[in-house]
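Top to bottom, those sequences are chains E and Y. Heads up: the first sequence runs through residues 4 to 400, numbered per this note's numbering. Heads up: the second sequence runs through residues 20 to 318, numbered per this note's numbering.
Derived from the structure by calculation, the hints contain no laboratory data. Note that the Cβ used here is the ideal one computed from N, Cα and C, for glycine as well. It is possible that part of the hints are untrue.
[What the hints assert, rightly or not] Negatives, chain E to chain Y, calculated, CB over 10 angstroms:
| id | residue |
| --- | --- |
| 1 | Lys83 |
| 2 | Glu147 |
| 3 | Ser215 |
[Said to hold, decoys possible] Subject to a maximum C-alpha distance of 30 angstroms in a straight line, what follows is the list of computed BS3-like cross-link-like pairs (lysine-lysine):
| id | chain 1 | residue 1 | chain 2 | residue 2 |
| --- | --- | --- | --- | --- |
| 4 | E | Lys316 | Y | Lys272 |
| 5 | Y | Lys272 | E | Lys151 |
| 6 | Y | Lys272 | E | Lys393 |
| 7 | Y | Lys285 | E | Lys151 |
| 8 | Y | Lys257 | Y | Lys173 |
| 9 | E | Lys323 | E | Lys5 |
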Amino acid sequence: MKIHEYQAKQIFARYGVPIPRGLAATTVDEAEAAAKKLAQETGSPVVVVKAQIHAGGRGKGGGVKVAKGGAAEARQLAQKILGMQLVTHQTGPEGQKVRRLYIEQGLDIARELYLGAVVDRDRRRIAFMASTEGGVEIEKVAEETPEKILTVHVDPAVGFAPYQARELGFGLGLGAKETLPKFVKMLGALHEVVTREDCSLCEINPLVVTGSGGIVALDGKITLDDNAEFRHPEWRELEDRDEEDPVELEAKAAGLNYVSLDGNVGCLVNGAGLAMATMDIIKHFGKGHGVAPANFLDVGGGANQEQVTKAFKMILRSPKVKAIFVNIFGGIMKCDVIANGVVAAARELGLKVPLVVRLEGTNVELGRKILNESGLAIQAASTMADGAQKVVAAVQA
Amino acid sequence: MSVLVGKDTRLLVQGITGSAGGFHAKQMIDYGTRVVAGVTPGRGGEKFESAVPVFDTVASAVKATGANASVIFVPPPGAADAILEAFDAGLELVVCITEGVPVTDMLRVRRVLEGLKGKTRLVGPNCPGVITPGAPGAGNVGCKIGIMPAHIHKPGNIGVVSRSGTLTYEAVGQLTARGVGQSTCIGIGGDPIGGMDFVDVLELFQADPDTHGVILIGEIGGGAEERAARFIKERMSKPVAGFIAGATAPPGKRMGHAGAIIAGGKGTAAEKIKALEAAGVRVAPTPSDMASTLAGMMA
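Whole structure, please, built from the sequences with the hints as guidance.
In structure tokens, the structure reads:
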């Protein structure tokens with residue numbers, strides 16, 4: 004789960020990672036009031052108005068602006084940014100609508116650095132990466148000048164060791180005695196954030212050195228590990244449903260894995276690997292014919308008939324779907340459960356597009372019998388390839 | 020004629036009194052797996068299906084029954100702890116079926132596993148398990164540790180290793196339909212941090228005289244397939260056919276499995292296919308061609 008910058012910074016503050024003063028706003032009035040309050044607290048009229056969306060590259064897209072002239076200017080900027088479709092390299096061409104702002108004090112910035120923590124799957128450790136190239140896309144730095152990225156790996160039995168923080172600090176040129184201890188302390192705090200808050204990604208870009216040698220997280224990006232949700236009831240408060248695809252949210256609530264795609268074949272599959280492979284094989288046979296998967300949908304191994312019905316209804320309701328491919332290799336999932344769910348959904352909503360079904364595995368005979376006796380117009384497929392070819396032909400017919 | 024599990028496996032089931040644990044324990048017993056004990060804290064002294072003794076701790080179960088392998092059906096909040104308990108009891112093989120274990124928990128588990136220096140092997144979490152197929156009635160007893168549908172398997176000489184459960188079944192189904200049997204099938208799981216990876220399993224298949232060829236099924240995310248490609252190039256003489264799922268997956272989206280995500284432009288199917296092909300692996304053009312691709316290499 005992704006969260007907003009202002010939420011990430013609230014978490015940082017709880018652990019002692021230094022952040023600028025700031026206030027969240029959802030209206031122009033709130034933004035102006037926030038700017039006024041910040042100016043009073045800091046004695047400087049300079050504030051930054053920042054769009055809050057779940058994507059990086061907001062500055063380049065015009066979603067981050069500096070107001071030097073105090074609250075009135077902040078109000079004008081807020082007017083411009085609130086409600087805009089912000090397009091960045093991470094949003095896709097249609098962009099993301101800005102519904103929230105974060106108003107933050109302006110800082111005297113001497114240097115901009117990059118700092119990030121990720122799970123390094125190859126080393127099986129949390130890796131902290133730092134670079135002098137702050138404020139730009141880190142993927143680009145990694146591609147073009149990998150030597151500019153410094154990395155240390157944290158041993159979970161030891162925790163973040165001060166020597167590792169010093170290694171990064173000296174490497175970044177933060178050896179000055181008024182700065183290094185602050186940097187070391189900040190890294191220790193950030194490691195606590197990552198492990199205790201179950202972050203699968205935590206990024207500060209840029210991390211800034213102020214004119215007086217202080218270290219401040221000017222940005223904050225956190226992705227939370229969905230698997231740890233059971234021990235973080237407070238995450239429910241952090242979820243911003245406006246930022247998510249409504250169909251994906253509906254699927255999540257029903258315990259289904261769903262990802263919307265651009266194509267026209269609705270897919271219902273059991274198992275993540277088989278669901279991906281089903282997308283691949285539709286694309287393989289559909290290439291050049293304008294046929295592609297409309298979604299990734301894994302009903303999982305232990306879904307009940309209700310969940311299958313719900314899943315099939317989601318596909319039936321999608322206007323972009325021109326044909327449906329149900330591909331099941333029953334293991335724990337029994338084919339009759341799938342068949343009953345498909346029939347129940349089709350009876351309720353009606354089946355207006357061609358349906359191709361491939362059933363294999365546990366209780367396959369019973370599943371086929373249920374489908375045959377349903378009276379629905381179903382094309383049976385003997386293999387994945389057979390099914391994919393049939394569904395591609397059905398879209399073109 | 021197998022790796023990891025076989026006729027000497029004495030299995031204990033952690034979480035045997037839960038609904039998934041109980042259901043699959045029964046299925047494993049029916050297949051011929053020697054299930055010697057169950058563990059559920061607080062339920063010690065009971066009998067599962069009036070036959071299998073249940074213990075409060077893994078250590079006491081091992082002491083009383085001589086179990087040497089464990090399969091874990093404990094829900095996510097207690098799964099990592101269950102794995103650590105199995106490690107501490109000195110089991111040779113621990114298979115964790117549970118889906119949804121937090122990655123920070125698995126980082127700690129991995130750290131402990133490294134300290135065991137190969138004494139214990141971990142498979143999973145978020146995996147279907149391990150099966151050495153048997154031929155019922157032919158005196159050839161199989162061993163199934165996990166949740167895979169047993170009836171699609173057939174004893175033979177092909178090793179299957181995969182990050183995905185249902186795609187493993189797909190490959191096994193294709194092999195069996197051609198009359199080709201399997202030595203051992205191992206699902207290593209779909210999480211970003213787990214136990215055995217492709218290289219560990221390939222090492223076993225290469226050393227097993229009864230495994231003559233291998234199907235390797237990978238997916239987007241991470242670098243396990245690239246490491247496998249290096250191992251195959253340098254150390255493997257047996258034919259390996261492969262498939263990588265997720266060629267059409269959009270970047271930045273988690274595709275069902277926690278580990279199936281293209282992050283920062285890394286972990287794409289195209290990169291993995293390229294690495295495997297450069298190592299001499301024949302990659303199936305579609306998931307329907309996994310068995311035929313391997314057959315083509317072994318003809």
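Checklist entry - When you check the alpha-carbon spacing of Lys257(Y) and Lys173(Y), does it fall within 30 angstroms? => result Distance ~20 angstroms between Lys257(Y) and Lys173(Y) Cα, so the pair holds.
Checklist entry - Given the hinted pair Lys285(Y) and Lys151(E), is their alpha-carbon gap at most 30 angstroms? => result The hint holds at about 19 angstroms.
Checklist entry - Holds or violated: Lys272(Y) with Lys393(E), Cα cutoff 30 angstroms? => result holds (28 angstroms)
Checklist entry - Hey, Lys272(Y) versus Lys151(E), does the alpha-carbon distance stay inside 30 angstroms? => result Cα-Cα ~28 angstroms, so holds.
Next on the checklist: Lys316(E) and Lys272(Y) were given as a pair; does the straight-line alpha-carbon distance stay at or below 30 angstroms?
Outcome noted: With a Cα-Cα distance of about 23 angstroms, the restraint between Lys316(E) and Lys272(Y) holds, given a limit of 30 angstroms.
Item to check | Given as non-interface: Lys83(E), partner chain Y, CB spacing beyond 10 angstroms | outcome: The assertion about Lys83(E) holds, with a minimum of 28 angstroms to chain Y.
Checklist entry - Is Ser215(E) truly not at the interface, in the sense that its beta carbon sits beyond 10 angstroms from all beta carbons of chain Y? => result holds (34 angstroms)
Next on the checklist: For Lys323(E) and Lys5(E), compute the direct alpha-carbon distance and say whether it is at most 30 angstroms.
Outcome noted: holds (27 angstroms)
Item to check | Least C-beta distance between Glu147(E) and chain Y, which was stated to exceed 10 angstroms | outcome: About 13 angstroms separates Glu147(E) from the closest Cβ of chain Y, which puts it past 10 angstroms; holds.
In terms of the numbered hints stated before, the structure departs from none.
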